[in-house]
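Using the sequences plus the hints, can you model the full thing?
Residue numbers (the numbering used here), protein chains in the order written: chain W, 1 to 337; chain P, 1 to 337.
Calculated from the structure, these hints are not laboratory results. Please note: incorrect hints may appear among the correct ones.
The list makes no distinction among identical chains, and a pair is therefore deemed to hold if it is satisfied within one copy or across any two copies.
Computed cross-link-like contacts, EDC-like style, restricted to lysine to aspartate or glutamate with a CA-CA straight-line distance of at most 16 angstroms [what the hints assert, rightly or not]:
#1 Lys280 <-> Asp203
#2 Lys2 <-> Asp123
#3 Lys2 <-> Glu188
#4 Lys62 <-> Asp122
#5 Lys173 <-> Asp288
#6 Lys2 <-> Glu332
#7 Lys280 <-> Asp207
#8 Lys151 <-> Asp303
#9 Lys167 <-> Asp305
#10 Lys2 <-> Glu28
#11 Lys55 <-> Glu226
#12 Lys4 <-> Glu30
#13 Lys173 <-> Asp203
#14 Lys2 <-> Asp122
#15 Lys106 <-> Asp207
Number of protein chains: 2
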Amino acid sequence: MKKKANYDIAVVGATGAVGRTILSILAEREFPVGRLVPLASSRSAGTSVEFNGQKITVRELKEDSFEGLDIALFSAGGSVSRQFAPIAAQAGCVVIDNSSAFRMEKDIPLVVPEINPHAIGDDPGIIANPNCSTIQMVMVLKPIHDRYRIKRVVVSTYQSVSGTGQKAIEELKEQSRQVLQDQPVVREVYPHQIAFNCLPHIDMFLDSGYTQEEMKMVNETRKILEDQSIQISPTTVRVPVVYAHSEAVNVETEQVIDLQDLRRILSEAPGVRVVDAPEKTEYPLAVDAAGRDEVMVGRIRSDLDNPRAVNLWIVADNLRKGAALNAIQIAEFLIRR
Amino acid sequence: MKKKANYDIAVVGATGAVGRTILSILAEREFPVGRLVPLASSRSAGTSVEFNGQKITVRELKEDSFEGLDIALFSAGGSVSRQFAPIAAQAGCVVIDNSSAFRMEKDIPLVVPEINPHAIGDDPGIIANPNCSTIQMVMVLKPIHDRYRIKRVVVSTYQSVSGTGQKAIEELKEQSRQVLQDQPVVREVYPHQIAFNCLPHIDMFLDSGYTQEEMKMVNETRKILEDQSIQISPTTVRVPVVYAHSEAVNVETEQVIDLQDLRRILSEAPGVRVVDAPEKTEYPLAVDAAGRDEVMVGRIRSDLDNPRAVNLWIVADNLRKGAALNAIQIAEFLIRR
Chain W
1 MKKKANYDIA VVGATGAVGR TILSILAERE FPVGRLVPLA SSRSAGTSVE
51 FNGQKITVRE LKEDSFEGLD IALFSAGGSV SRQFAPIAAQ AGCVVIDNSS
101 AFRMEKDIPL VVPEINPHAI GDDPGIIANP NCSTIQMVMV LKPIHDRYRI
151 KRVVVSTYQS VSGTGQKAIE ELKEQSRQVL QDQPVVREVY PHQIAFNCLP
201 HIDMFLDSGY TQEEMKMVNE TRKILEDQSI QISPTTVRVP VVYAHSEAVN
251 VETEQVIDLQ DLRRILSEAP GVRVVDAPEK TEYPLAVDAA GRDEVMVGRI
301 RSDLDNPRAV NLWIVADNLR KGAALNAIQI AEFLIRR
Chain P
1 MKKKANYDIA VVGATGAVGR TILSILAERE FPVGRLVPLA SSRSAGTSVE
51 FNGQKITVRE LKEDSFEGLD IALFSAGGSV SRQFAPIAAQ AGCVVIDNSS
101 AFRMEKDIPL VVPEINPHAI GDDPGIIANP NCSTIQMVMV LKPIHDRYRI
151 KRVVVSTYQS VSGTGQKAIE ELKEQSRQVL QDQPVVREVY PHQIAFNCLP
201 HIDMFLDSGY TQEEMKMVNE TRKILEDQSI QISPTTVRVP VVYAHSEAVN
251 VETEQVIDLQ DLRRILSEAP GVRVVDAPEK TEYPLAVDAA GRDEVMVGRI
301 RSDLDNPRAV NLWIVADNLR KGAALNAIQI AEFLIRR
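Here is the structure:
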């Protein structure tokens with residue numbers, strides 16, 4: 001990417017949960033933004049979003065929206081990305097796409113900047129941002145894999161509703177009120193009540209009985225860690241939490257794991273914070289992770305029977321490191337290199 | 001137990017969440033109750049509980065509370081059981097104890113009636129009721145173990161606050177209101193906010209980094225299935241759900257698992273109901289399991305890499321099959337045999 005003092009940036013899906021977070025993180029990290037162009041569907045066009053204390057009018061996403069811009073951050077779902085990301089790239093933008101549309105395409109890099117920035121070629125058109133539940137897991141798996149060689153992972157997720165979007169946040173809150181007031185529960189976003197309930201169902205079901213979300217964790221992890229031999233057995237579950245995903249992860253390795261060494265390499269891993277003092281009731285919590293950049297890991301303990309396995313509890317803000325922050329870190333890498 | 005037309009029964013901890021459920025299940029199943037004696041601490045003595053539409057005054061638990069009674073159902077915590085269960089047994093009661101006090105004692109049977117009623121000797125003094133998260137898991141593991149021989153289980157739980165008791169139910173509701181109204185969250189029962197959060201912490205932490213709850217799942221499962229070789233790697237998590245626990249379970253077996261056969265043996269297992277039609281968005285849910293007797297299992301699918309492993313999602317009402325119902329089923333077994 002050509003060095004410039006400032007970069008003109010489109011944010012596609014600017015009114016959504018991830019889009020809003022992108023705007024606030026761009027400001028907070030003082031990303032050198034020249035022109036900021038918030039884009040959305042015709043439905044949201046004309047409304048305004050806040051950026052750096054200023055109100056900016058949202059424009060309708062169109063084929064000519066990207067002329068003259070440098071970077072396009074997409075976060076408006078797979079079909080919007082499939083239609084408009086190639087157009088933006090054609091117009092000369094580097095596209096950083098938060099949807100699943102291009103993640104598994106062979107020639108599209110799937111990037112977590114702390115792990116595999118080398119996957120980005122000299123002249124990238126589209127760069128894919130991984131799935132939220134994958135990002136926080138690989139942030140912790142990467143140093144373990146480098147040191148002990150991961151063979152197999154069994155992961156169960158506890159995913160917040162903000163991963164679904166703004167309407168899901170409202171649905172959880174509204175349904176919670178309805179339950180507390182003994183009123184009938186109204187469902188719109190999720191097929192079942194999410195308030196005071198757990199849904200073992202995120203994204204579409206496949207014939208195998210796994211969901212798309214579960215397969216994202218499998219396929220994206222292998223692509224990011226550049227190792228197709230890692231076995232991953234996932235169960236992804238939506239829980240009545242607003243922000244931040246939690247994950248219970250059992251990791252089996254080739255080498256025997258020394259817990260003290262493991263704690264050290266995790267505490268030295270960029271972007272990872274070890275929160276693990278159970279005697280002081282300190283462990284990663286969704287409510288603590290919300291609004292923070294780091295991936296938190298705790299409940300670090302050896303498997304009870306297998307010296308080549310450990311259990312971990314990994315928590316991160318799905319809108320930040322799981323989406324907006326990771327995308328902006330990719331952009332930072334591009335303008336820095 | 002001597003055959004009688006009716007049995008005089010003490011319910012210790014009658015005002016608690018499990019105690020109340022015991023009273024309602026005794027009535028609902030038309031257990032042949034003669035005298036019903038609700039017992040509690042001096043704090044609750046004098047209040048009343050409902051049984052079969054009648055109000056019965058709660059009495060203070062004392063050393064002479066059990067004279068002349070046939071069965072004592074204990075559900076008032078470990079220290080109460082340790083002190084009073086031997087006294088009740090001495091007075092001639094069969095004690096069915098829902099606390100963890102005696103579960104791992106060599107001479108005390110730990111019983112799930114569908115699985116190991118044979119563990120109850122001819123003249124039982126104290127019979128232990130297993131932990132809620134263990135009961136629902138072994139109900140599903142037992143038929144799998146009989147058929148395919150289980151080697152290893154990785155389990156992550158999603159446990160409701162009713163497992164902690166009545167005060168925890170109120171805390172979750174009150175904190176949920178506080179969050180929805182942007183008020184400060186008041187913590188009393190749990191060390192951290194439980195509303196809209198997940199706590200990877202149930203019961204006390206041990207030096208190993210595991211919690212007591214996690215070790216209950218390990219040790220009780222082995223005792224009930226009468227197989228010390230089964231490896232279990234647990235993570236137990238409290239979630240903001242009122243009733244019913246959910247569990248994501250990965251099961252590795254000696255034999256290759258045929259999914260169709262697995263579904264059949266699970267659907268034939270007593271007390272187990274297969275709820276597994278993801279194409280119709282049907283899978284076990286806490287809100288559906290609440291108030292029901294069966295253990296529901298769904299999301300039944302082969303491990304992606306290991307033909308000798310499956311993933312399952314197991315949900316049951318922790319106050320019913322996880323506690324009160326199981327205890328009453330034990331009593332039913334005693335009076336029937």
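Status of each hint after checking the structure:
For the homomeric pair Lys280 and Asp203, the shortest alpha-carbon distance between copies (14 angstroms) is at most 16 angstroms, but the shortest distance inside one copy (37 angstroms) is not. When the C-alpha separation of Lys2 and Asp123 is checked against a cutoff of 16 angstroms, the pair qualifies only within one copy, where the shortest distance is 10 angstroms, while the shortest distance between copies is 85 angstroms. With identical chains, the CA atoms of Lys2 and Glu188 are never at most 16 angstroms apart, being 45 angstroms at best within one copy and 56 angstroms at best between copies. With identical chains, the CA atoms of Lys62 and Asp122 are never at most 16 angstroms apart, being 28 angstroms at best within one copy and 80 angstroms at best between copies.
For the identical chains of this complex, Lys173 and Asp288 are neighbours neither inside a copy (19 angstroms) nor across copies (20 angstroms), given an alpha-carbon limit of 16 angstroms. Only within a single protomer do Lys2 and Glu332 lie at most 16 angstroms apart by alpha-carbon distance; the minimum there is 13 angstroms, versus 79 angstroms between protomers. For the homomeric pair Lys280 and Asp207, the shortest alpha-carbon distance between copies (13 angstroms) is at most 16 angstroms, but the shortest distance inside one copy (45 angstroms) is not. Taking the closest pair of Cα atoms, Lys151 and Asp303 come within 16 angstroms of each other both inside a single copy (14 angstroms) and across two copies (14 angstroms).
In this assembly of identical chains, Lys167 and Asp305 lie within 16 angstroms of each other by CA distance neither inside one copy nor across copies; the values are 44 angstroms within and 36 angstroms between. In this homomeric assembly, Lys2 and Glu28 never come within 16 angstroms of each other (Cα to Cα): the closest approach is 23 angstroms inside a single copy and 75 angstroms across copies. Proximity of Lys55 and Glu226 under a CA criterion of 16 angstroms is satisfied in neither setting, with 42 angstroms inside one chain copy and 67 angstroms between copies. Only within a single protomer do Lys4 and Glu30 lie at most 16 angstroms apart by alpha-carbon distance; the minimum there is 15 angstroms, versus 80 angstroms between protomers.
Taking the shortest alpha-carbon separations for Lys173 and Asp203, neither the intra-copy value of 21 angstroms nor the inter-copy value of 29 angstroms comes in at or below 16 angstroms. Proximity of Lys2 and Asp122 under a CA criterion of 16 angstroms is satisfied intra-copy only: 11 angstroms inside one chain copy versus 85 angstroms between copies. Taking the shortest alpha-carbon separations for Lys106 and Asp207, neither the intra-copy value of 24 angstroms nor the inter-copy value of 46 angstroms comes in at or below 16 angstroms.
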